[in-house]
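Which chain is which? The protein sequence lines are A and B, in order.
This note's numbering numbers the first residue of the first sequence as -19 and each following residue consecutively.
This note's numbering numbers the first residue of the second sequence as -19 and each following residue consecutively.
If you're looking for bench data, these hints aren't it; they were derived computationally from the structure.
Even glycine gets a Cβ: it sits at the ideal position worked out from N, Cα and C.
There could be a bad hint or two in this list.
[To be verified] To give a feel for the contact side, a few chain A residues facing chain B, derived at Cβ under 8 Å:
1. M76
2. G105
3. L183
4. H186
5. I191
Number of protein chains: 2
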Amino acid sequence: MEEGLVVIPKATISRLPLYLQVLTEYHHLGITLVSSEEIAQKLGITSSQLRKDLSYFGGLGIRGAGYDVTCLLEKIKEILGMQKKRRLAIIGAGKMGTALAGYHGLQQHGLEVKALFEIDKGKIGTTIANIPIYPLAELPDQTVRLGLEIAVLTVPVAAAQKVADLVVEAGFEAIWNFAPIRLEVPDNIIVQNEDLVAGVLTLVHHLSRKIG
Amino acid sequence: MEEGLVVIPKATISRLPLYLQVLTEYHHLGITLVSSEEIAQKLGITSSQLRKDLSYFGGLGIRGAGYDVTCLLEKIKEILGMQKKRRLAIIGAGKMGTALAGYHGLQQHGLEVKALFEIDKGKIGTTIANIPIYPLAELPDQTVRLGLEIAVLTVPVAAAQKVADLVVEAGFEAIWNFAPIRLEVPDNIIVQNEDLVAGVLTLVHHLSRKIG
């Protein structure tokens, strides 16, 4: 099956990292075959949803036996584009930038933070988790020199749009945005918004329904 | 309209924080009326989707004039349960815990971090962003004393389930989980998973489709 020819729904893609996580757990436990019911139950989705999602990758299920954990894991990594390492730059060496620079989860998934960028002269020239902090003015040059592809925006809201413009100009293809603002970027730039407040407010809503 | 009687779809609830964000921006700019088209365009959703979402809150739109920004903002805050302040505890004073303890976005939305908990003796007794770090063993007592409601889990994956058990035992009603693992908790406990890796992997997928 030619992967490039299959259009996988956005909702399915958004669930793949969860499947990856669960399958990695099974893999570490030495489990080689797993049923759709087991995976589905662990994730709190229906097994028919899971089977539908996995059907996009071709016939990976073995009737009556379940799914081959290793095969499924490899296929999901392929679909997610994880075969190739990606080079990240973090713009903003504040608390969130510092936390992400030292976050093992990124490296485990083939994502290498190669540079941080700052305007604070006190931070420029130092390192966080062995990653150098460059002046923001060097963004265009370092992007080319280091082969940076994904810009992680951890700057204050007030600066986010301006920094996004600089990032696009510097040639980045993708932005992982932690600033709680919708960025305006050209159509060809991929933006993934990481809105921490949205997550906790959903929780607060459910909490207030429950306990008032 | 009695709010308690309306069942609002989960997908609508998940979009409310986005509406809140955009409306707050309009409010700060002194804009008092806004059309569904304007809001929808800013968020990259259809205006019919937006109108459907807002219809759950009763007749807030003024035909031909748009929505009253202040009214809509208040209503969304009410639905999200933001009238009441919520007290948070961060379990794990590592990099992510430190970043969240100093994160202004929480306080701006009525979420107060009152305590951090750790097992590292070098950290216990110190503070982060003026918030005291207590030993994990004091979790049950401090939960009652400080009136803590939401536990933020920023502990390593290997410790997450054990810490979740302690949190449930201590009487927390809700868990905001940053560990990349599905927690097993009683049905009455609200869990919001914040999977940073899932976000960036979705981005990587789109990037690999685009540039290979």
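Hint-by-hint comparison with the structure:
Interface hint status for A:M76: upheld, as the beta-carbon distance to the closest one in chain B is roughly 5 Å, under 8 Å. Interface hint at A:G105: violated, since its Cβ lies 21 Å from the closest Cβ of chain B, which is beyond the 8 Å cut-off. Proximity of A:L183 to chain B holds as hinted, the smallest CB-CB distance being about 4 Å (cut-off 8 Å). Checking A:H186 against chain B: minimum C-beta separation of about 5 Å stays under 8 Å; hint holds.
Taking 8 Å as the C-beta contact cut-off toward chain B, the hint placing A:I191 at the interface holds, the least distance being around 6 Å.
When held up to the earlier numbered hints, the structure conflicts with hint 2 and nothing else.
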